[in-house]
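Residue numbers (the numbering used here), protein chains in the order written: chain A, 1 to 414; chain B, 1 to 414.
It should be emphasised that the hints constitute simulated quantities derived from the structure, not laboratory data.
Hints should not be assumed to be uniformly reliable.
As the list claims (entries may be wrong) - Chain A stretches covered by chain B per the calculated footprint, using a threshold of three residues with CB under 8 Å from any CB of chain B: (1) 17-28; (2) 84-92; (3) 278-289.
What the hints assert, rightly or not - Some chain A residues near chain B, calculated using beta-carbon distances under 8 Å: (4) L6; (5) I245; (6) P249.
Claimed, not checked - To list a few chain B residues with every Cβ distance to chain A over 12 Å, as calculated: (7) F204; (8) T226; (9) I266; (10) I283.
Note that the coordinates shown come from a computational prediction; the quantities given were computed from them, not determined experimentally.
In this text, a Cβ means the ideal position worked out from N, Cα and C, and glycines have one as well.
There are 2 protein chains.
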Amino acid sequence: MVLLVLAIILSAARLGGSVAERFQQPAVLGELLVGVLLGNLPGMARQFSTIVRGDPMIGMLAEVGAVILLFEVGLESTLREMLRVGMRSLAVAVLGVVAPWVLGFLVGRMLLPEHSVYVHVFLGATLTATSVGITARVLKDLGHAQTLEARIILGAAVIDDVIGLVILAVVGSIISAADRGTSLSLGAAMLVLAKALAFLVGAFSIGALSSPRVFSVAARLPGRGTLLTTALAFCFLLSALASLIGLAPIVGAYAAGLILEEAHYIDFADKGEHRLEELVRPISVFLVPVFFVLMGMRVELGAFLQPGVLGLAALLTIVAVAGKQVCALGGIGAPVDRTAIGIGMIPRGEVGLIFANIGLGLTVRGERVVDERIFAAVVVAVMMTTLVTPPALKWRLTRVARRRAAEAVAAPAA
Amino acid sequence: MVLLVLAIILSAARLGGSVAERFQQPAVLGELLVGVLLGNLPGMARQFSTIVRGDPMIGMLAEVGAVILLFEVGLESTLREMLRVGMRSLAVAVLGVVAPWVLGFLVGRMLLPEHSVYVHVFLGATLTATSVGITARVLKDLGHAQTLEARIILGAAVIDDVIGLVILAVVGSIISAADRGTSLSLGAAMLVLAKALAFLVGAFSIGALSSPRVFSVAARLPGRGTLLTTALAFCFLLSALASLIGLAPIVGAYAAGLILEEAHYIDFADKGEHRLEELVRPISVFLVPVFFVLMGMRVELGAFLQPGVLGLAALLTIVAVAGKQVCALGGIGAPVDRTAIGIGMIPRGEVGLIFANIGLGLTVRGERVVDERIFAAVVVAVMMTTLVTPPALKWRLTRVARRRAAEAVAAPAA
């Protein structure tokens, strides 16, 4: 069964990706749209897509695909390059959390005046966390993964994920406290933050110190495949640890990719192994499309049609997109395209959906924090941000590349 | 969780593989032994291994690993080369089914005289089917996958699998008929055979005809990764179809590998893509060890200790090994090493275990066809054949290579 589904997903993804590329769009847009198509077929095929969407095996392969993608993207930068943009990423992340939260809160006040302030706060919170998968993929598809913009965006997305965790803990405990009429425990939220920071600092310091040694020992082992195996084990280990802490596994995978540098495995190059990027690529060609097709399949077009959803969804989408444009301010003073940063931060994904999902189970004095209508609107907004980003980012990056090329030509003449 | 297990399995597999290679043994032996070790750790770790053994996600990744391995091995031969050794493979397969069956039957008569003839027949049947994974891997590890011996063995293993299906259907219906006192229906068994043959003939003819066209169309799609994606989709499709028919998925994967030839995707080479073998390799480095480590983990050393098991298991193992040596007769008249063929056919695997498992559920007039003791003995025999083959085959192939080299030196002088 899984094999058949894989065969279908892979063929469909490549077809979709190719069509997108023919129209000068990133392949990921085609994969997402093919997923939307597969997920909303009528009749018999509907059962097929319901099974695939809920299949834990396919879900796991997709998850591993996302991990491999972020690992691959992380490999294209070094830890040093990331630290250099660290403060800037932090600024981008914080701005990108505050603005959509405030705007989302206002949308709630406006369109859902009958609900309590807790609902509005929660609605804003669902819009805060950036999902880096789409942006990472577009940057890769267009060969921009090593630019300064890419590093700032990806660093901000990692920080975002940490902030998102803390927000969830804080908002969750505020609501629980309000519901029970007890006072609020900030201790739990602080613990979450401490654990997340400890993970990142620990991973980067211990990882960066130990990785050259581990690889130099591994290079002495006989047999082929040791470089790839060691790198994958390292990536999976950090992903699993991130997941244990409560962070998204892809945060760990990205950290692993950042830590690994070519200098660490120079001994393998001497043995005639390919570069790590080349070795990881076929695995990513295999598994990454599974992630994006499945993401597309999870978009239920029916959600658009529920009464009252469309208006709320449209406003949430606008606010989600507009809110992240404030991130551009974080790029001030650096030789970067600020608009590209704002666009790159648009996509929301799993974290927003996880928020909404948790909200479905929370109540404040008998009122559910997130009801079916709000949930559907959040899902629609998440998916719109996902579909809108690839073409927008492609448009902007092409302009930037053209402008820089023109400047490069003009500069010597000046 | 899955990510952590993967990290552990991959590191352990590479360590084990490297140690095996340091002792001039195939890497797969090290992976199996590491698996046995991980699967039989004491104390806390015992729970870990129980969870891993039963985890459907890891099981699925291992299964995909086996599929990728047989696809990779199939890529190293062409369909034409296989058809040339077809009759010889058929002879090897038939001999290798009859001899262990008769010997297994006799062991049953001797050691289990209190059981009925049905039990003896079934015991013999569990020893018939060759599991090609181990042999394919050893041949690959040692760079012998393109030899005439390799093609004869792998072809015979595919035929074995078809025969095994038919035997299971026939023996199963004989026993059911005996139990119910009704007459025997051979129709069902014939249907199974017909379906299996139709699949193989269909896959080879339709596949060989359509594959050049599919790949030439695919080569016109823009974007990278199309060659690998198309090939994987083709491999998974045939594996899924084989599985639907009731054959092992790896039979379909091997067929897909045989069908695909470099000539079919020559257009991709012009576009600067790597060779398909090189593209598949990283995926196999990732997933294949998962299969062998899990196979090792499923070996319960405790099974050796049950009373009465050790004697039966020892005799079954001897018979299982000796019975397949008759396969060597199938090599008469060809310029091949017949001993290597006999050794290559030794490993038993999933099919034998599936047989034994089905036997656990069958009864003839109140007597269970396979009881716990017989089951444990079959499991032990299967795992002994698995552990014995890599060093034996390595020893033999090294001798053959040395002899041929000596002949090549001697020939011009003569």
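Note to self: Tell me whether the statement that chain B covers the segment 84-92 of chain A is true, taking a Cβ distance below 8 Å and needing three residues at minimum.
What the structure shows: violated (count 0)
Checklist line | Consistency of the no-contact label for F204 (chain B), given chain A and a CB cut of 12 Å | finding: Holds, because the least Cβ-Cβ distance between F204 (chain B) and chain A comes to about 18 Å, which exceeds 12 Å.
Item checked: Residue hint I245 (chain A), partner chain B, criterion CB-CB below 8 Å -> Since chain B brings no Cβ nearer than about 13 Å to I245 (chain A), farther than 8 Å, the hint is violated.
Next item on the list: With a C-beta cutoff of 8 Å, work out whether three or more residues of the segment 17-28 of chain A approach chain B closely enough for the coverage to hold.
Entry: Satisfied; 5 residues make the cut.
Next item on the list: Closer than 8 Å between Cβ atoms is the bar; does P249 (chain A) clear it against chain B? Give me holds or violated.
Entry: 6 Å, holds
Next item on the list: Test coverage of the segment 278-289 of chain A by chain B using CB-CB distances below 8 Å; three residues minimum.
Entry: holds (count 8)
Item checked: Verdict on I266 (chain B) as a residue remote from chain A, using beta-carbon distances over 12 Å -> 19 Å, holds
Next item on the list: Take a quick look at I283 (chain B) and tell me if its Cβ sits farther than 12 Å from every Cβ on chain A, holds or violated.
Entry: 6 Å, violated
Item checked: Per-residue hint verdict: L6 (chain A), partner chain B, C-beta under 8 Å -> 5 Å, holds
Next item on the list: Test the statement that T226 (chain B) is away from the interface with chain A: the closest C-beta pair must be farther apart than 12 Å.
Entry: 6 Å, violated
In terms of the numbered hints stated before, the structure departs from hints 2, 5, 8, 10, listed from lowest to highest.
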